[in-house]
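Those protein sequences? They're chains U and C, same order as listed.
Position 9 (the first sequence) corresponds to 9 in the UniProt record's numbering; numbering is contiguous.
Position 367 (the second sequence) corresponds to 367 in the UniProt record's numbering; numbering is contiguous.
Just so you know, these hints were derived from the structure itself, not from any lab.
Using N, Cα and C, we set each Cβ at its ideal position, and we do this for glycine too.
Just so you know, not all the hints are guaranteed correct.
No farther apart than 25 Å at their CA atoms in a straight line, the calculated lysine to any residue pairs in the SDA-like style are these [what the hints assert, rightly or not]:
1) U:K5 to U:V225
2) U:K165 to C:D429
3) C:K470 to U:K5
Distance windows between CB atoms, simulated [stated by the list, open to error]:
4) C:S424 to U:M115: 29 to 39 Å
5) C:K399 to U:F243: 50 to 60 Å
6) U:E112 to C:E455: 31 to 41 Å
7) C:K77 to U:G57: 54 to 64 Å
8) U:E209 to C:A421: 42 to 52 Å
9) C:P174 to U:E144: 42 to 52 Å
10) C:P203 to U:G149: 24 to 34 Å
11) U:E126 to C:K399: 25 to 35 Å
12) C:K74 to U:H203: 46 to 56 Å
13) U:E54 to C:A421: 54 to 64 Å
14) C:M462 to U:S227: 51 to 61 Å
15) U:G148 to C:K277: 54 to 64 Å
16) C:S424 to U:E247: 40 to 50 Å
Now for the letters of each chain:
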Amino acid sequence: MLSIKNLQARIEEKEILKGINLEIKAGEVHAIMGPNGSGKSTLASVLAGRSDYEVTGGTVEFQGKDLLELAPEDRAREGVFLAFQYPIEIPGVSTTNFIKTAVNEVRKYRGEEPMDAVAFLKKMKEKMKLVEIDQSLLSRSLNEGFSGGEKKRNEIFQMAMLEPKFAILDETDSGLDIDALRIVAEGVNKLKSKDNATLVITHYQRLLEYIVPDYVHVLYKGRIVKSGGKELALELEEKGYDFIKEELGEEVEA
Amino acid sequence: MSEMLTTLEQTALSEYKYGWVTNIEADEAPPGLSEDIVRFISAKKNEPEWMLDWRLKAYRHWLKMSEPEWANVKYPKVDYNAIKYYSAPKQKKTLNSLDEVDPELRATFEKLGISLDEQKRLSNVAVDAVIDSVSIATTFKKQLAELGIIFCSMSEAIQEHPELIKKWLGSVVPMTDNYFSALNSAVFSDGSFCYIPKGVKSPMELSTYFRINAENTGQFERTLIVAEEGSYVSYLEGCTAPMRDENQLHAAVVEIVALDNAEVKYSTVQNWYPGDKDGKGGIYNFVTKRGICAGVNSKISWTQVETGSAVTWKYPSVILKGDNSQGEFYSVAVTNNHQQADTGTKMMHIGKNTRSRIVSKGISAGFSQNSYRGLVQVGKNAINARNFSQCDSLLLGDKCGAHTFPYIEVKNSTAQVEHEATTSKIGEDQIFYCNQRGLDTETAVALIINGFAKEVMNQLPMEFAVEAQKLLAISLEGSVG
C-alpha cells in the first residue's frame with residue numbers, strides 16, 4: 001500500500017529525515033517510536049504534504065501513485081489521513097459542517113454524488129458510538145474550547161467518517177488520561193480492516209498496549225535504526241531509548 | 001509557507017461576475033451640476049413645486065459645504081461637474097403592468113437573478129427594481145396594498161402620497177446633515193418608499209435591487225421606510241454595477257422611522273463593482289443610512305454584507321429616542337485588492353433603558369484597507385442605557401490593513417458600555433488542517449471566512465444568506481497568507 005524509499009526531508013536548512021525506508025501493507029498496523037526530536041512528527045507531516053518541509057530525496061509510493069507529487073488535499077482524497085498531534089480550531093464552523101464538507105469533497109473527487117442529509121446523519125450516529133463522542137460536541141465550533149481528550153476523540157471521529165485507506169496517528173496518546181486513551185484506541189481498533197493500514201507514532205509504549213502493532217520501528221536521528229515485532233516496544237519501555245544508543249555505539253549520558 | 005503564499009495570492013484575483021452592460025437607450029441629463037440640472041430632474045419627474053423647492057434648498061446648502069476628509073480612505077477627488085445626474089432607460093410609455101417592462105430590462109434583472117415576473121419569484125419577497133436613476137418595476141404591489149402597505153418607487157410616492165413624504169422625508173437625515181446627504185437631497189432620482197400602517201406585520205420581505213448601468217452616471221437613490229405603531233417589516237437591499245475603468249459615484253440616503261412598538265430590519269448585500277485588481281475603476285459608495293426609534297419599545301436592526309465598491313464610506317446608525325428602544329448593527333465588510341472601506345455605526349442613546357448591540361466583522365485581503373468606525377453616545381437622560389460592541393478583524397496576507405476607531409461618549413453614569421475587539425490572521429495551520437481533510441485551499445478559506453462572519457450571516461433573511469455566503473467566498477477566492 002505504502003512504500004517509502006530513502007526519504008529525506010528538511011525544514012529550512014535543518015536535515016531531519018535522513019533516509020527513511022518503510023513498507024506498509026494493507027491490513028497492517030505499524031508503530032514508530034523514538035525519542036523527542038528524532039523526526040517522528042516530521043515524517044507524519046511530510047507524508048501528509050505540509051509545505052513547511054522540503055523533501056530533498058527519496059520516493060513515496062501510495063497505491064501505485066507518487067504521493068509526493070500530490071497536493072495535500074489530493075493525498076487526503078486518495079485516502080491518507082493524519083490525526084493531528086495538535087488539532088487546530090476553526091471558530092464559527094461547526095464540527096458537523098466541517099466533516100460534512102470534508103466527506104463530500106472526498107466523494108466529489110471519487111466522482112460520487114454528495115451525501116444527502118439523512119444518510120450523513122445516519123452515518124454520523126453510527127460512528128459517534130464507535131468513538132463515544134457526544135452530539136453536543138459536534139454542534140460546537142470545530143475544536144474550539146475542546147479539552148485535549150475531546151480534540152483527540154474528534155480526530156478519530158473524523159477518521160471514522162472519512163474511512164481512510166491509510167491513517168497516521170501522530171502522538172494521539174499525548175495529553176490523554178487513561179480512560180480517554182482507551183476510548184481512542186478502541187475506536188482505532190474498530191476501524192481496522194484488512195483493506196486499510198495504520199501508522200501509529202508515539203513516544204510511549206502505553207498506547208501500544210491498546211493498539212497492538214504488527215511491526216515496531218525505532219526512529220532515531222532521522223533514520224529507522226531498529227525494527228521488530230510488538231515485543232520491541234516492551235523492550236524499549238523497559239530499557240529506555242538509551243539501549244538504542246548503546247547498540248549504535250553512542251555514548252550514553254549518565 | 002512562502003510557496004503557498006504566492007500560489008494563494010495568484011488565485012486572489014477573482015472576477016466580478018456582474019460586470020456586463022445592458023444596451024438600452026437612455027434619457028439623460030448632460031454632465032454637470034447646477035440649479036438648472038436640479039430643475040431638469042424635478043421637471044422630468046413632473047414633481048410638485050414643494051419638492052423642487054426642497055431640492056433647490058438642499059442644492060444651495062451643498063454649494064456651501066465641503067467634502068469630508070476625516071475617513072480613513074484615499075481617493076482622487078470627485079469632479080462633480082463630470083457626472084451625469086440623471087439617466088433613465090427610455091420606456092415607451094407609462095407601464096400599466098409588469099408585463100410591459102422592456103424585455104431588455106427584464107433580461108437584465110433575470111441575469112442578476114432578480115425575476116420581475118411575480119409568478120416566478122419566491123412568494124415571500126416583493127421587489128422594487130431600480131436601474132440608474134429610476135425605478136423600473138415593483139412586484140406584489142397589489143397584495144401589499146390590500147394590507148395597507150405602501151411599497152413603491154420614491155417618484156411615485158411623491159405623486160401619490162405627498163402628505164407622507166412631506167412629513168417624513170429628511171426627518172431622520174436632514175438635507176443639511178452632511179455633504180453627501182445634501183447632494184443626494186438635491187439630485188436624488190428615485191429609490192423606494194415603504195409605509196407599514198399601524199399594527200401590520202408585513203407578510204413578505206420587501207426588497208429593492210439597485211443597478212447602475214449608464215456610463216459616467218451617479219446614482220443617488222433615496223429610500224424612506226416608515227413603520228407605524230406596532231408594525232413590522234424586513235427590508236432587503238442589493239446592488240451591482242458594470243465594470244468600468246472610471247470611478248462612479250453612488251451617494252444614497254436611507255431613512256427609517258420606527259414608531260411605538262414597531263420593528264424594522266434592514267439588510268444589505270452591497271456588491272457594487274470594486275474596481276480591478278490594480279485598483280482601477282469601481283464605485284465610490286458614500287452613503288448615509290440612519291434610523292430613528294422614535295417610539296417606545298421600538299427596534300431597528302441593520303445588517304450589512306459589504307463586499308463591493310472601490311471606496312466605502314458608510315455608517316448605518318440608530319437614534320434611540322423612545323424609551324426601551326433597541327438598535328442593532330451587524331456588519332461583515334470584506335475588502336480585497338485595493339478596496340478601501342471605512343464603515344461602522346452610530347448608536348445614539350437618548351431614551352431611558354435603551355439598548356444597542358454592535359457586531360462588526362472586518363475581513364481584509366490583498367492591498368486593501370478596512371476600518372471600523374463606531375460611535376456610542378449616551379445622553380444625559382438615557383438612564384440605564386446599555387451597549388455592547390464587538391469588532392473582530394481577520395487579515396488575509398500581510399499587505400492589507402485593519403483598523404478600529406471606536407468612539408464612546410457617555411453623559412449618564414448609569415450607562416453600561418462594553419467594547420471588545422480582536423484581530424486574527426487565517427493561519428497556514430488552519431488551511432493545512434482543512435487540506436488534510438480533503439478541502440482545497442479555496443474551499444478552506446470560504447469555510448473559515450463564513451465561520452468568522454457567522455454571527456452576522458445568521459441575521460440575514462434566508463433568501464439572502466446563501467447568496468451572501470457565496471459572495472464572501474467569491475470576493476476572497478484564495479487570498480490567504
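Each hint tested on the structure:
For the suggested pair U:K5 and U:V225, the alpha carbons sit about 15 Å apart, so the restraint of at most 25 Å is met. Between U:K165 and C:D429 the CA atoms are separated by roughly 23 Å; this keeps the pair inside 25 Å, and the hint holds. Among the hinted pairs, C:K470 with U:K5 is inconsistent with the structure: their alpha-carbon atoms are about 44 Å apart, more than 25 Å. For C:S424 and U:M115, the hinted distance range of 29 to 39 Å is satisfied, since their beta carbons lie about 32 Å from each other.
One distance hint, 50 to 60 Å for the beta-carbon pair C:K399 and U:F243, holds here, with the actual separation near 53 Å. Checked against the given bound of 31 to 41 Å, the beta carbons of U:E112 and C:E455, roughly 34 Å apart, stay inside it. The beta-carbon spacing between C:K77 and U:G57, approximately 60 Å, falls within the hinted interval of 54 to 64 Å. Between U:E209 and C:A421 the C-beta distance comes to about 48 Å, which sits within the given range of 42 to 52 Å.
Range check, C:P174 to U:E144: Cβ separation about 46 Å, and the 42 to 52 Å hint holds. As the Cβ distance of C:P203 to U:G149 is approximately 50 Å, the hint placing it in 24 to 34 Å is violated. Separation of U:E126 from C:K399 is about 47 Å and departs from the stated range, judged on CB atoms against 25 to 35 Å. Between C:K74 and U:H203, the C-beta spacing of about 55 Å keeps the proposed range 46 to 56 Å intact.
Judged by the Cβ atoms, the range 54 to 64 Å given for U:E54 and C:A421 is violated: they are separated by roughly 38 Å. Distance hint check: the CB atoms of C:M462 and U:S227 are about 58 Å apart, consistent with the given range 51 to 61 Å. Checked against the hint of 54 to 64 Å, the pair U:G148 and C:K277 fails, with Cβ atoms roughly 44 Å apart. In this structure the hint that C:S424 and U:E247 lie 40 to 50 Å apart at CB holds, the actual value being about 48 Å.
Violation of the numbered hints given earlier is confined to hints 3, 10, 11, 13 and 15; the remaining hints are satisfied by the structure.
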